[in-house]
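Full structure from sequences and hints, please.
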Amino acid sequence: VMDPSLPQVEKRLELVKQVSHSTHKKLTACLQGQQGLDADKRSKKLPLTTLAQCLMEGSAVLGDDSLLGKMLRLCGEAEDKLAQELIHFELQVERDVIEPLFVLAEVEIPNIQKQRKHLAKLVLDMDSSRTRWQQSVKSSGLASNLQPSGAKADALREEMEEAANRVEICRDQLSADMYNFVAKEVDYANYFQTLIEVQAEYHRKSLALLQTFLPQIKAQQEAWMEKPSFGKPLEEHLAVSGREIAFPVEACVTMLLECGMQEEGLFRVAPSASKLKKLKAALDCCVVDVQEYSADPHAIAGALKSYLRELPEPLMTFELYEEWIQASNIPEQEKRLQALWNACEKLPKANYNNIRYVIKFLAKLTEYQDMNKMTPSNVAIVLGPNLLWPQAEGNMTEMMTTLSLQIVGIIEPLIQHADWFFP
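All residue numbers in the sequence shown are consecutive under the UniProt record's numbering, ending with 423.
Just so you know, these hints were derived from the structure itself, not from any lab. Since we're looking at a predicted model, the values are computed, not measured. Among the hints, erroneous ones may be present.
[What the hints assert, rightly or not] Derived DSS-like pairs (lysine-lysine); straight-line CA-CA distance at most 25 angstroms:
| # | residue 1 | residue 2 |
| --- | --- | --- |
| 1 | 17 | 184 |
| 2 | 114 | 11 |
| 3 | 346 | 305 |
[What the hints assert, rightly or not] Label pairs and their in silico Cβ distance ranges:
| # | residue 1 | residue 2 | range |
| --- | --- | --- | --- |
| 4 | 182 | 219 | 54 to 62 angstroms |
| 5 | 214 | 312 | 23 to 31 angstroms |
| 6 | 216 | 335 | 31 to 39 angstroms |
Even for Gly, the Cβ is constructed at its ideal location relative to N, Cα and C.
Below you can see the structure in the form of structure tokens.
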């Protein structure tokens, strides 16, 4: 009944229908907004919008005078704009991809398949009409020349011809529809190109939005003064806080000058672990209750040692490490002191200011050595490894004895001649 090439097209119809139906279903499941709603109603149901509202509410609670409040506000604005982009993207995908796929799978192909079923029915009707006409011819005894007479035979022949005509018309229409389907495959394929193009544009716009907000977020973060100082580079802490002397150093020295100068074994006796942890946390927040720690100078000394040791780079720098060590190995005292002085002068300004502050304090501490038992040598032994250490420490167990002696040989003269090294 059909053209010979069309059965293959008919099979392809069913396959395309299945694929289109499956893709439509999965693509619809990817939508975060509720399908069919307009932009405003869809926005209210979108998880990103809910997140943006949550962030903005959190910002209002915390206020713009806190870093978290500022962060939440900026992130809330960013998420809200991302939500708007997502809505626009999903509406476009619905219009240009999902709905056309639905029409293809549920309307266009089924209509062709219905036409095919209708043709099959018309063929049956035509066959039935031909059979009745043939029987009429046979019963009239004129089946040999196929020219029966009589009104009944004429009516049956006319019915058969009309049925054949209907089959011809339907077959032509079906063939045209199938050929049109084949010709339009490039249009159907374009739905998927459109999907990728729309996705690409959505992601480009989303990235542009994020790149607009990210510098603002980073600027707020960098401008915030209350940043942790332990474990952070010295220059970063000084730049953020606008100080010349690191806050933990100045705070600990100030407290020790008031309550710890005569404490026996200062910097040598281990503090309470819980007290030390609490003080370090308070120093990180730049909030210290002096009265609370006035009775526990060992915790203050421990916090100072921890800060110095936790610096990513020692106060006396990795770059000058070898020069410090070489200076300490010079036998003649005058030349050794001069070499140490030369190394001091090469320190970066921030490091110089802070090591000067620490050494001056330690020199002051040794003035009370009769009471606190902390001689320049003792101080150098317990604090030296917190002021200078090698960049690649290797096996510290094997190196400890030699390093300790060398570092003591550097720190002890700095304390003994503090006013000469740091006028």
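Do the hints match the structure? See the list:
Between residue 17 and residue 184, the direct Cα distance comes to roughly 14 angstroms. Compliance with the 25 angstroms bound is thereby established for this hinted pair. Between the alpha carbons of residue 114 and residue 11 the distance comes to roughly 14 angstroms, so the proposed pair stays at or under 25 angstroms and holds. For the hint pairing residue 346 with residue 305, the CA-to-CA distance comes to about 24 angstroms; that is within 25 angstroms, so the pair holds. For residue 182 and residue 219, the Cβ-Cβ distance of about 59 angstroms falls inside the hinted range of 54 to 62 angstroms, so the restraint holds.
Taken as a hint, the range 23 to 31 angstroms holds for the pair residue 214 and residue 312, whose Cβ atoms sit roughly 25 angstroms apart. Taking the beta carbon of each, residue 216 and residue 335 are about 56 angstroms apart, not inside 31 to 39 angstroms as hinted.
Violation of the numbered hints given earlier is confined to hint 6; every other hint is satisfied by the structure.
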